[in-house]
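Trainee: Okay, here's what each chain looks like letter by letter:
Number of protein chains: 2
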Amino acid sequence: MEVERPELILDKNIVLKNISMMKNKADKSGVIFRPHFKTHQSLEIGKWFRQSGVTKITVSSLKMAEYFAADNWNDITVAFPVNIREIDFINQLAKKIKLNLLVESIESVKFLSENLKADVSVYIKIDVGGNRTGIKADNINEIASLVRKIRNCKKLLPEGLLTHAGHTYQAKNKTEIKSIWNDSVVKLKAIKNSIDNNLLVSVGDTPACSVISNFSEVNEIRPGNFVFYDYMQYKLGVCGFEQIAAVLAVPVVAKHSDRNEIVVYGGAVHLSKDFIEERGRKIYGGVVKLFFESWSKPINNAFVKSLSQEHGIIKIPQSEFEQIKIGSLIGIVPVHSCLTVSLMKQYLTTDGEKIFTMNSH
Amino acid sequence: MEVERPELILDKNIVLKNISMMKNKADKSGVIFRPHFKTHQSLEIGKWFRQSGVTKITVSSLKMAEYFAADNWNDITVAFPVNIREIDFINQLAKKIKLNLLVESIESVKFLSENLKADVSVYIKIDVGGNRTGIKADNINEIASLVRKIRNCKKLLPEGLLTHAGHTYQAKNKTEIKSIWNDSVVKLKAIKNSIDNNLLVSVGDTPACSVISNFSEVNEIRPGNFVFYDYMQYKLGVCGFEQIAAVLAVPVVAKHSDRNEIVVYGGAVHLSKDFIEERGRKIYGGVVKLFFESWSKPINNAFVKSLSQEHGIIKIPQSEFEQIKIGSLIGIVPVHSCLTVSLMKQYLTTDGEKIFTMNSH
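If you read the protein sequences in the order shown, they are chains A and B. Just so you know, we're using the working numbering here: the first sequence kicks off at 47 and counts up by one. Just so you know, we're using the working numbering here: the second sequence kicks off at 47 and counts up by one.
Careful, some of the hints might be misleading.
Unchecked claim - Okay, the calculated bits of chain B under chain A, using three or more residues with CB under 8 angstroms as the criterion: (1) 212-222; (2) 229-241; (3) 313-327; (4) 377-389.
These aren't lab readings, by the way, just hints derived from the structure by calculation. Ideal Cβ placement from N, Cα and C applies to all residues, glycine included.
Here chain A stands alone, though its shape is the one from the complex:
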């Protein structure tokens, strides 16, 4: 492999399988599949989704919406509470595409109603227990009042109720994830029934979308991470290891035989500092052997022990340690692929193709 420095290796076949797996589940359930593109951030990978029949997408910023709108994506949800300081940018985009924003306060709706120059659809952000943001699901009066405000504004169209049940990431097993899904669905449907049956119900997280097989209780799903998955999802039990599509190739720069540790060129600026905790240890990534066009299963008992700005320290069993040479490459399975992509800004596929993202340069 002609890799001189850290490079994010992507297996296109796995990506295509992940896309069609989720698309098929959504189709069978008769729901809208609006994948979150913040994970891959790439026009090229967007085209793979388009080829599978996807026409509506989710992004995490207006800049990302603009990037994809330039490639003819024209129904885009920005799944982030509207930032009213970007009103000019909102107006510019809303003139070109069907732009869907998230609101959760009277203040934001008031500001939009006074400053919008084109139609915008809005989802109301509902907090089903993630406790990050959104109106609490049991606060039906506040939600109803916000819907009325929205209806009173000519340029705002109420699209639906949206949630991101991020607490599935803290779940201990599939049963807990399923129970969070069920709980979210019950809460969102209760709001819908008591306010307006035309409101769409949109849910999003990859853990739930991976373990639930029938989505027909909702109207739309917005998973993102499933396109590549990662070490966190694998350890959470929501994907198989063979579904992980991206691995960071890193050069080995030093070996420490007294403690079976290798030092690699690959740190926080490549992987981010997300970690999982396992048996009291922080783990910043899994470890695989790299082959020409694929990679091995995770090396048993090997893990990324720490990351500094450019360094990664990998703990590895004696038998494997001895086979690794200074100057060779090894693969790190990112704990959180979205952040790794955001940092790496481009991919090298196992077929040798370079793929760019909105941050490539």
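Knowing the structure of chain A, use the given hints to seat chain B on it.
Mentor: Using the frame of chain A, we list chain B on its own:
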């Protein structure tokens, strides 16, 4: 402030003060001041160092060396164990500038001796207790043998012994930091005395360089973070709050009065996920009020509680909570300014000037 989305605000006057403080201490001690430029990654800020009389610098990658070499920096240390897969890049740079690399193994030295096409100076990386990388300081035989190998190669010039005492970041107070400094100095001088008195002794971390006033026991210092400092250094007690030069301005997008939390547009893709732990809590940043050309002292009992990809959740006392409006700006003091710069890629000074880094586009 004309800020629509997260923007890294820089106070140039504080930066200049930090630079001259460290330069003066180095000059008084009669040691080489070779600041680490990985913190700011900017040609413009490099010029501020040059104006203070700096001529030698440290970087963390060959790419960064190339970036600064293009602006006539011609004595550059890449403070990272040499990555032999980049040999072509090394040869290219070594023909143009005095390039100083780090070695710590016979394998790397052998590879360099067979593949170098221009002279390269090398430092031997010594581990004084940080346990990240380098040859253990008490392993004098191995160090001596590596120095002999280096001397046997015509294109390799032994420059000195280099360490990064990263364990100062785990110190509990200034006394501990000073004791780590003293311990490092004793170890490095013992190696030097027993091998070759011409070897330079180069040490690096910002905590020690901030609390030590006389560096004359060593030959060179390489601090980087001190140029901006950050919340971690402030909490470690090695800088005053007024020495922190960079703050992330973020728009407020939601408020949750039931739990005195505000949601800002500013997350892991802007700040990184570095945190400090205080009284059992994870803290991802301090919080300040932003004025036109400066910022307040940290708001008491306010802190960044969590970060996801684009969201930050700030916990803030009731009295302050009520004054904050949706759409206003608030300042986050980064836990780790180096990583924040690497993610933000550019600065806006309090004078309204845009400053770019090697990753700007």
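Trainee: Output the numbers, in ascending order, of every earlier hint that fails for this structure.
Mentor: 1, 2
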